[in-house]
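Using the sequences provided together with the hints, build the complete structure.
Residue numbers (this note's numbering), protein chains in the order written: chain A, 1 to 356; chain B, 1 to 367.
Treat the hints with caution; some may be incorrect.
Below, a sample of chain A positions facing chain B; criterion: calculated Cβ distance under 10 Å [said to hold, decoys possible]: (1) Asn-195; (2) Ala-212; (3) Gln-213; (4) Trp-259; (5) Leu-300.
Partial pick of chain A residues on the chain B-facing surface, computed with a CB cut under 8 Å [as the list claims (entries may be wrong)]: (6) Met-161; (7) Ala-199; (8) Tyr-251; (9) Ser-279.
Worth flagging that the hints you see were computed from the coordinates, not collected in a lab.
For each residue, glycine too, the CB sits at the ideal point set by N, CA and C.
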Amino acid sequence: MTSPIAGGVDCDLHPAVPHLTSLLPYMNDYWRDQVTTRGMTDLVSQSYPTNSPISSRPDWRPGQGKPGSDLADMQKQALDRFGTAYGICNPLYGVQMVFSEDMQDAFCRALNDWLAREWLDKDARLRGSIVIPTQSVEKSVAEIERCAKDKRFVQVLMLVMGDMPLGKRAYWPIYAAAERLGLTIGIHAGSAYHNPPTAVGWGSYHIEDYVAQATAFQTQLTSLIVEGVFARHPNLKMVMLESGFTWLPAYLWRLHKFWRGIRMETPWVDRAPLEIVRSNIRFSLQPVDAPPDPATLNRLFDHMQSDELLLFSTDYPHWQFDGDEVLPPGLSPELVRKIMIDNPLATYGRLQQALA
Amino acid sequence: MNVQFRPEPSASVSVKTAIADCDIHPARATNDELYPFMAKRWHEHLVAYGKQAYHGMMEGPPYPKAQPNASRRDAWPPEGGPQGSSLSFMQKQLLDPYNVALGVLNPLNSGQGLRNQDLAGAVCSAINDWQIEKWTSKDSRLKGSIVVANEDGVSAAAEIRKRAGDKNFVQVLLLSRNVEPLGQRRYWPVYEAAQEIGLPIGIHAFGFGGNPLTPSGWPSFYIEEMVGHAQCQQTVLASLVLEGVFERYPKLKMVMIEAGFGWAPSLGWRLDKNFERLHSEVPYLKRKPSEYIRDHIWWTTQPMEDPERRDHLFQVIEWIGWDKLLFATDYPHWDFDEPSRVLPAGVSDANREAFYLGNAKKLYGIA
Numbered sequence: 001m002t003s004p005i006a007g008g009v010d011c012d013l014h015p016a017v018p019h020l021t022s023l024l025p026y027m028n029d030y031w032r033d034q035v036t037t038r039g040m041t042d043l044v045s046q047s048y049p050t051n052s053p054i055s056s057r058p059d060w061r062p063g064q065g066k067p068g069s070d071l072a073d074m075q076k077q078a079l080d081r082f083g084t085a086y087g088i089c090n091p092l093y094g095v096q097m098v099f100s101e102d103m104q105d106a107f108c109r110a111l112n113d114w115l116a117r118e119w120l121d122k123d124a125r126l127r128g129s130i131v132i133p134t135q136s137v138e139k140s141v142a143e144i145e146r147c148a149k150d151k152r153f154v155q156v157l158m159l160v161m162g163d164m165p166l167g168k169r170a171y172w173p174i175y176a177a178a179e180r181l182g183l184t185i186g187i188h189a190g191s192a193y194h195n196p197p198t199a200v201g202w203g204s205y206h207i208e209d210y211v212a213q214a215t216a217f218q219t220q221l222t223s224l225i226v227e228g229v230f231a232r233h234p235n236l237k238m239v240m241l242e243s244g245f246t247w248l249p250a251y252l253w254r255l256h257k258f259w260r261g262i263r264m265e266t267p268w269v270d271r272a273p274l275e276i277v278r279s280n281i282r283f284s285l286q287p288v289d290a291p292p293d294p295a296t297l298n299r300l301f302d303h304m305q306s307d308e309l310l311l312f313s314t315d316y317p318h319w320q321f322d323g324d325e326v327l328p329p330g331l332s333p334e335l336v337r338k339i340m341i342d343n344p345l346a347t348y349g350r351l352q353q354a355l356a
Numbered sequence: 001m002n003v004q005f006r007p008e009p010s011a012s013v014s015v016k017t018a019i020a021d022c023d024i025h026p027a028r029a030t031n032d033e034l035y036p037f038m039a040k041r042w043h044e045h046l047v048a049y050g051k052q053a054y055h056g057m058m059e060g061p062p063y064p065k066a067q068p069n070a071s072r073r074d075a076w077p078p079e080g081g082p083q084g085s086s087l088s089f090m091q092k093q094l095l096d097p098y099n100v101a102l103g104v105l106n107p108l109n110s111g112q113g114l115r116n117q118d119l120a121g122a123v124c125s126a127i128n129d130w131q132i133e134k135w136t137s138k139d140s141r142l143k144g145s146i147v148v149a150n151e152d153g154v155s156a157a158a159e160i161r162k163r164a165g166d167k168n169f170v171q172v173l174l175l176s177r178n179v180e181p182l183g184q185r186r187y188w189p190v191y192e193a194a195q196e197i198g199l200p201i202g203i204h205a206f207g208f209g210g211n212p213l214t215p216s217g218w219p220s221f222y223i224e225e226m227v228g229h230a231q232c233q234q235t236v237l238a239s240l241v242l243e244g245v246f247e248r249y250p251k252l253k254m255v256m257i258e259a260g261f262g263w264a265p266s267l268g269w270r271l272d273k274n275f276e277r278l279h280s281e282v283p284y285l286k287r288k289p290s291e292y293i294r295d296h297i298w299w300t301t302q303p304m305e306d307p308e309r310r311d312h313l314f315q316v317i318e319w320i321g322w323d324k325l326l327f328a329t330d331y332p333h334w335d336f337d338e339p340s341r342v343l344p345a346g347v348s349d350a351n352r353e354a355f356y357l358g359n360a361k362k363l364y365g366i367a
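Below you can see the structure in the form of structure tokens.
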């Protein structure tokens, strides 16, 4: 195995909201009343059923409560264990699933405040992602601006399966706000289930949905690139979180070929897709969808043609690896340093800024 | 592709030996061509109501193609009609100069993807008769694909069985985008019938099944539709494996047509990894997902993924198996892969022969 080094940045940690009622203290009277009077249930997404094997490593599953809901566990099992200097919290609470933009907005605001008070305040290593009500771009921008005053928020978080392809122009004010405020856009696995989870409708199984997440990232990358997001926002960094990355080379070979053939359709795309990915797109390390065989992995890294694309992540508490094998075998010390420290620091501009 | 921006590092290797082209698209010169093969009732229906698919357009595709009929600008037959509608011109432009020994016809714009299943069945059956009449009986190099109204598995299975033993056909053709993922049980009668008559199933990228083309809704551009075929096909293949289609139909062979193949290893690894964790959800699977893929799936090559370094692609082919690739041009479509250009020098003679001809002859049972 490859040993992690101290001082790394864990770019994908999932603190769990214990229950919708945990957010009540962060809602106003109206929304508290709505939640209680209407008997609203907990917002657990099908993307991560609480007891599914992939939702938590067996030895990280707490005696009671949701995996990832206890800070002391996260400290012991992830932050301390891997010598993490900074850990970026990406809450996956299912607020994106609701259909009312007002309700989504209220829940996102509560979730972001909950993250700041109950996690970021309690461990100085932790950083946050701003969860936004994507059904309303106006409300999303307002929430980004509100939270960005707290420099511990380093990223805006969106789900890979949402209402519209993420390159659509309607979303661009979100990207403008992020770029202006020095935030990255993080796109995480998971669905709002406002559309079927695949291009051919609903499958039968949880494993099908999870495997399909990788294809959703691929279609989103296409959308982001061909709509011209990075021609308009050349300095914007986007991070694909829990996306897998072993699909990237072959995906780009195909996209690049079609772009050469029909670039007349999207003439505003001012650079080759390969170049755009190398400069603007990053990927979290876990999951590593490849055999644990150094020869195969090194061949894949060679196909990626860059050592700057990957950012260290544990995906805590999801089950992506066992023991301390958070890094795949066969990585050189130089690549470990790039993945664990240099690449994340270069991606998340706010990590190195002094905290106000 | 028909436009080359980057010169090939080595001189192109001409294909003097025979090849198989496993993705040729025959077209009708006019819609009237089909009428002799269908009941008057359907002829009249088509005139009055047209073909209503799972998208809103009465004519043409929802995403306008890059060229008329998505076809090469040099492929208009001299006698008129759309590209791909003339046998003599296809012979002159494709079959003769490229020494095509076996050409597999994949008719698009058939009855597949229509909402009215009776109409879909009638049009598909007519297309099958038309393939024999216009193409396969006139040029023995050409072989047809049985198109079926797959949303109605029972009638589709009947159409397949009707063609049992007919040497004009070498496979059953489905499109990738349907009402549901192709592993779903509504499609199993198709697989049962295909296994019974001993033909592989070809799954060609394309179609509309009423679902948005991405899990985040409808994209804006034709390029997104085109690139997205690879993602859609991954979903379709995952569904086939995870629903246990290859456990239930162990002799079934399938061909992934025009959706790329470079993504196959990564999909297999992702499936295997999650299968390890989530096996209890799909307990009827006896083997790792990637093993079903390795044993049951073939891949047509066009459009070949195009890395900056060609050796990267050949490393991917090693992961898939040189015995599983079937060369295809996609004639007359604009993204035609020129046979003399797809494999550079340096590929072994045995692999070259398998890639261009041997694998296809074996799979399709052509002596």
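Exercise. Against the structure shown, which of the earlier numbered hints fail to hold, in ascending order?
Worked result: The structure conflicts with hint 9 only, although it agrees with all the remaining ones.
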